[in-house]
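Chemist: Each protein sequence line maps, in turn, to chains A and B.
Just so it is clear: in the first sequence, position 86 is 86 by our numbering, and no numbers are missing.
Just so it is clear: in the second sequence, position 23 is 1023 by our numbering, and no numbers are missing.
Quick caveat, the hints were computed from the structure, so don't treat them as lab data.
We put the CB at the ideal spot given by N, CA and C, even for glycine.
A few of these clues could be false.
As the list claims (entries may be wrong) - Distance windows between CB atoms, simulated:
no.	chain 1	residue 1	chain 2	residue 2	range
1	B	A1029	A	S51	44 to 52 angstroms
2	A	S87	B	F1039	28 to 36 angstroms
3	B	T1012	A	S72	42 to 50 angstroms
Stated by the list, open to error - Subject to a maximum C-alpha distance of 27 angstroms in a straight line, what follows is the list of computed DSSO-like cross-link-like pairs (lysine-lysine):
no.	chain 1	residue 1	chain 2	residue 2
4	B	K1099	A	K52
5	A	K39	B	K1072
6	A	K15	B	K1072
7	A	K85	B	K1072
So you can see what is in the structure, the chains are spelled out below.
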Amino acid sequence: DAGVTQTPRHEVAEKGQTIILKCEPVSGHNDLFWYRQTKIQGLELLSYFRSKSLMEDGGAFKDRFKAEMLNSSFSTLKIQPTEPKDSAVYLCASSLGWGSETLYFGSGTRLTVL
Amino acid sequence: QQQVRQSPQSLTVWEGETAILNCSYENSAFDYFPWYQQFPGEGPALLISILSVSNKKEDGRFTIFFNKREKKLSLHIADSQPGDSATYFCAASWGSNAKLTFGKGTKLSVKS
């Protein structure tokens, strides 16, 4: 079985640009998560989908961050407009769902905003 | 507010020693506590987990000790190896809620 696939691995953007990060979850998984990882804040939840329905959109990240699940096997995270403080690693994870389930993470997209 | 706290931020041990990583939490409703291991350039991966009905869970060289009354747990890595050098995240969730709350991690270095 393929794991979680994230593309691109690295992204460099100018301040004010729109960027779209992509994620393919493990086949058959019902839950999909987007996290932002920084050294200072650690892992912060951006969005959480269950069976393609948005369950949580990460509160403070609502303004410029928008995650979508176009179908059960593909999700995108759009950041618009980007700011230098958005520089971080963005991780996508999926699980079967229903609690106490293992989260399978992708390798992440490292975003640098100049 | 930080619901899951980890200490220390970084830890260095010699090969063969036991590394002890600590975690505490605030929400009494948390009942599932996984530990994730992350190597540079990779996403975190599940290492070992425990449910709140247990006070100890072992898997090879890795052991979780859980104290529900004090809302604390620890990960012990026996006979530490250089390949164990990674960042370890303690996390928590409750019931059927799939959302995990993560601590900020402990960076472990094992010197040979």
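Chemist: Does each hint hold? Answer for all of them.
Modeler: Evaluated hints:
1. B:A1029 / A:S51: 44 to 52 angstroms: About 24 angstroms separates the Cβ atoms of A1029 of chain B and S51 of chain A, which means 44 to 52 angstroms is violated.
2. A:S87 / B:F1039: 28 to 36 angstroms: With a Cβ separation near 21 angstroms, S87 of chain A and F1039 of chain B fall outside 28 to 36 angstroms, so the hint is violated.
3. B:T1012 / A:S72: 42 to 50 angstroms: 44 angstroms Cβ-Cβ, so the 42 to 50 angstroms window holds.
4. B:K1099 / A:K52: OK: K1099 of chain B and K52 of chain A at ~15 angstroms, within 27 angstroms.
5. A:K39 / B:K1072: Holds - the C-alpha atoms of K1072 of chain B and K39 of chain A are around 23 angstroms apart, at most 27 angstroms.
6. A:K15 / B:K1072: violated, 42 angstroms
7. A:K85 / B:K1072: Not satisfied, since the Cα-Cα distance of roughly 33 angstroms exceeds 27 angstroms.
Checked against the numbered hints given earlier, this structure breaks hints 1, 2, 6 and 7; the rest are met.
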